[in-house]
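*Asks:* So the sequences go chain by chain: A and B.
Here the working numbering is used: position 104 in the first sequence is 1517, and no number is missing along the way.
Here the working numbering is used: position 123 in the second sequence is 1536, and no number is missing along the way.
Possibly wrong hints are sitting among the right ones.
Note that the list lumps identical chains together, so a pair holds whenever it fits in one copy or between two copies.
Simulated pairs of lysine to any residue, SDA-like, Cα-Cα distance not exceeding 25 Å [to be verified]:
| # | residue 1 | residue 2 |
| --- | --- | --- |
| 1 | K1445 | C1541 |
| 2 | K1421 | P1466 |
| 3 | K1441 | A1539 |
| 4 | K1445 | I1536 |
Honestly, the hints are just simulated from the structure, not real lab data.
There are 2 protein chains.
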Amino acid sequence: MRSILRDKDLARLGDSFVNLIYSTAKTKASGKPVGEKVPDRVLSQALEIAKLPVQMRLTHGERGDAVEAVLAYAWMHNLLPLEEAVTILYTTISGAEYESRSLEREISAKAFSRLIRVAVDRIEGADCG
Amino acid sequence: MRSILRDKDLARLGDSFVNLIYSTAKTKASGKPVGEKVPDRVLSQALEIAKLPVQMRLTHGERGDAVEAVLAYAWMHNLLPLEEAVTILYTTISGAEYESRSLEREISAKAFSRLIRVAVDRIEGADCG
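Could you build the full structure based on these sequences and the hints that come with them?
*Replies:* Right under this line is the structure:
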C-alpha cells in the first residue's frame, strides 16, 4: 500500500480518473454536463477522513497524489469499476445543498473518503487473497 | 452535431475522459502506469483527419475542445464505452515505434481520428434511430 501511495505515474493516471468520476457524478446530480478538476485540498481532506497511513508532513499536493494513485490502482486492477466509483460519489453529493464553496468542498471530501476506504479495503483484500 | 462540438461544459468533461483513455491505452501498451495529457495539437490534427464539419478558423485549443465534447457526449450517452475507446486507441498506438515526438503525435492523432469517426457515426445513428 505504501508503494502505491507514492507512485507518481499512478498519480498522474489517477488525476484524470478522479476528475472524470467527480465530473460525471456532478453531471448526474445536476442534470447538465459538468467538467471539474478536484482540488488537492479536497483529496487531502478525504485522505485525512479515511485515516490512511501517510506521513504527517506531506503537502496537500502530495496527499492529493496519494489519493489519485490509490484510486487509479484499484481501477486499473478491476477492483473498482468506474461506474461504481461514480455511484459512490453521487450518493453523497446528490441532494446536498451547496450553500457555500467550503461546504461543497467538505461534502466532496466526505464522498472521496468513502471511495478511498472502498479502494483500500479491496486492494488489501486482493493482496491477502 | 454542431451544438455538441461547441459545448464548453461537455469539453471540460471530455478533457478528463480523453486524458484517461489515452493514458490507459498507453499504460496497456507499455506495461507500466502512464499518465499523460493529450495536447490540443494532437486532437486538432485528429479532427482534421476525421474530416468533421468545423469552422476553418478555429484555434488548436478550440478544435481540441470540439473533440473532447464529441467524445464526452458519446460516452455519456452510452454510445461509446470507455473500454472500447481504450481498445480503439490501443490498437493504433501499440507496437508503434516512437522514433520521435512528432511521429508519436502523428500516430496518436490517427488513433483519435478513428475514435472520433466511431463516436460521430453512433451519435448520428442514434439521432436517426
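*Asks:* State for each hint whether it applies.
*Replies:* Quick rundown of the hints versus the structure:
1. K1445 - C1541: between (42 Å within a copy, 23 Å between copies)
2. K1421 - P1466: For K1421 and P1466, the Cα distance is within 25 Å only inside one copy (17 Å; across copies 39 Å).
3. K1441 - A1539: For K1441 and A1539, only the inter-copy Cα distance (21 Å) is at most 25 Å; the intra-copy one is 31 Å.
4. K1445 - I1536: This pair counts as between: shortest inter-copy Cα distance 18 Å, intra-copy 33 Å.
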